[in-house]
Amino acid sequence: MELIFFFILAVVAILSALLVIFQNKPIYSALYLVLCFLSIAGLYFLLHSEFLAIMQIIIYAGAIMVFILFVIMLLDLKGEKGTKRLRFQRLFSILFTLLLLFFLIGASAHMISESKKTLLNSEMLSSFGGVKLFGKLLFSDYLLSFEVASVLLLVAMIGAVVFGKKRP
Amino acid sequence: MVPLSYYLYLTAILFAIGVFGVLIKRNAIIMIMCIELMLNAVNLAFVAISRYLNLMDGQIFVFFIMTVAAAEVAVGLAIVVALFRLKETEDVDEINLMKW
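First to last, the protein sequences are chains A and B.
The first sequence begins at -3 in my numbering and counts up one residue at a time.
The second sequence begins at 550 in my numbering and counts up one residue at a time.
Bound-form chain A, shown alone:
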């Protein structure tokens, strides 16, 4: 049952990710990217990480994509013209991507065969992924990182305001 859900979500994620690239207009790319993020959130649910799944929907599919859609609406983009490419750009992109995919899959296959014995059965994982454990870990072991992340968000906000200001 879980496997069926996994395959449905994986196929939706891969197809919508491909459609992000092969759309000509940015607005359709953005909408397909929302679909891709939602299916990844479904995969988080399958992995019993409910908190991260909800965060994925709120932050990625909600906030970030609304932001990107706002910018697309503001800028009045005209879509890709497809002139002025580098020579052989498409060919080299395909070759490089296939090479990267080969290495990534090889590396993950290698990692799986090494860490096979540490996999645990699902009865031991009842409290895994809940908000309680997450918050406990976040506010004890990772407290400093949490504070630094808040400073990072402040800096990003100031930077966006500075870039968005009109030049005097």
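Hints may contain errors.
[Claimed, not checked] Mimicking DMTMM-like on lysine to aspartate or glutamate, the simulated pairs with C-alpha atoms at most 25 Å apart in a straight line are:
hint	chain 1	residue 1	chain 2	residue 2
1	A	Lys128	B	Asp606
2	A	Lys162	B	Glu643
3	B	Lys648	B	Glu621
4	A	Lys128	A	Glu46
5	A	Lys161	B	Glu643
6	A	Lys161	B	Asp606
7	A	Lys21	B	Asp606
[As the list claims (entries may be wrong)] The calculated label-pair distances, taken between Cβ atoms and stated as ranges, are:
hint	chain 1	residue 1	chain 2	residue 2	range
8	B	Glu643	A	Val127	41 to 49 Å
9	B	Pro552	A	Ile90	23 to 31 Å
10	A	Leu(-1)	B	Lys636	45 to 53 Å
11	A	Lys161	B	Leu604	41 to 49 Å
12	B	Leu602	A	Lys132	15 to 23 Å
13	A	Phe98	B	Pro552	36 to 44 Å
14	A	Val127	B	Leu602	16 to 24 Å
Worth flagging that the hints you see were computed from the coordinates, not collected in a lab.
Think of the CB as a built atom: it goes at the ideal place given N, C-alpha and C, for glycine as much as any other residue.
Please arrange chain B on chain A, whose structure you already have, making use of the hints.
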């Protein structure tokens, strides 16, 4: 339970699609979207491995990656808007002010 290898293969495919998009697209906003796709692929790998090792630390990392991605999109799109104001284009091939 779905094997870990399926998740890692899915992650590899999604990451490769993101890299391909960055390489082949010349539109700055679509390139930012492809970077988001790559970050999501890495997040999925983190969550899958933390689930299979029964360690919550990977999920904390995903939380921080989401924070950094939000900051990155805010600054990146502000740069795109500023460039569009300056040059009336979002094509990265035409933005060559500092090239020569």
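Status of the hints after comparison with the structure:
1. Between Lys128(A) and Asp606(B), the direct Cα distance comes to roughly 14 Å. Compliance with the 25 Å bound is thereby established for this hinted pair.
2. Taking the CA atoms of Lys162(A) and Glu643(B), the gap is near 22 Å; set against the 25 Å cutoff, the hint holds.
3. In summary, the hint linking Lys648(B) to Glu621(B) is supported, as the alpha carbons are separated by about 23 Å, within the 25 Å threshold.
4. With a C-alpha separation of about 11 Å, the suggested pairing of Lys128(A) with Glu46(A) holds against the 25 Å cut-off.
5. Using a Cα cut-off of 25 Å, the hinted pair Lys161(A) and Glu643(B) holds, with the two alpha carbons roughly 23 Å apart.
6. At most 25 Å may separate the alpha-carbon atoms for a hinted pair to count; Lys161(A) and Asp606(B) exceed this at roughly 39 Å.
7. A threshold of 25 Å between alpha carbons decides the hint, and for Lys21(A) with Asp606(B) the separation of about 39 Å lies outside it, so the pair is violated.
8. Range check, Glu643(B) to Val127(A): Cβ separation about 47 Å, and the 41 to 49 Å hint holds.
9. Between Pro552(B) and Ile90(A) the C-beta distance comes to about 29 Å, which sits within the given range of 23 to 31 Å.
10. A beta carbon spacing of about 50 Å between Leu(-1)(A) and Lys636(B) agrees with the range 45 to 53 Å that was offered as a hint.
11. For the hinted restraint 41 to 49 Å between Lys161(A) and Leu604(B), the CB-CB distance of approximately 44 Å keeps it satisfied.
12. Judged by the Cβ atoms, the range 15 to 23 Å given for Leu602(B) and Lys132(A) holds: they are separated by roughly 18 Å.
13. Distance hint check: the CB atoms of Phe98(A) and Pro552(B) are about 20 Å apart, inconsistent with the given range 36 to 44 Å.
14. Against the hinted window of 16 to 24 Å, the Cβ-Cβ separation of Val127(A) and Leu602(B) comes to about 20 Å, which satisfies the hint.
Checked against the numbered hints listed earlier, the structure breaks hints 6, 7, 13; every other hint is satisfied.
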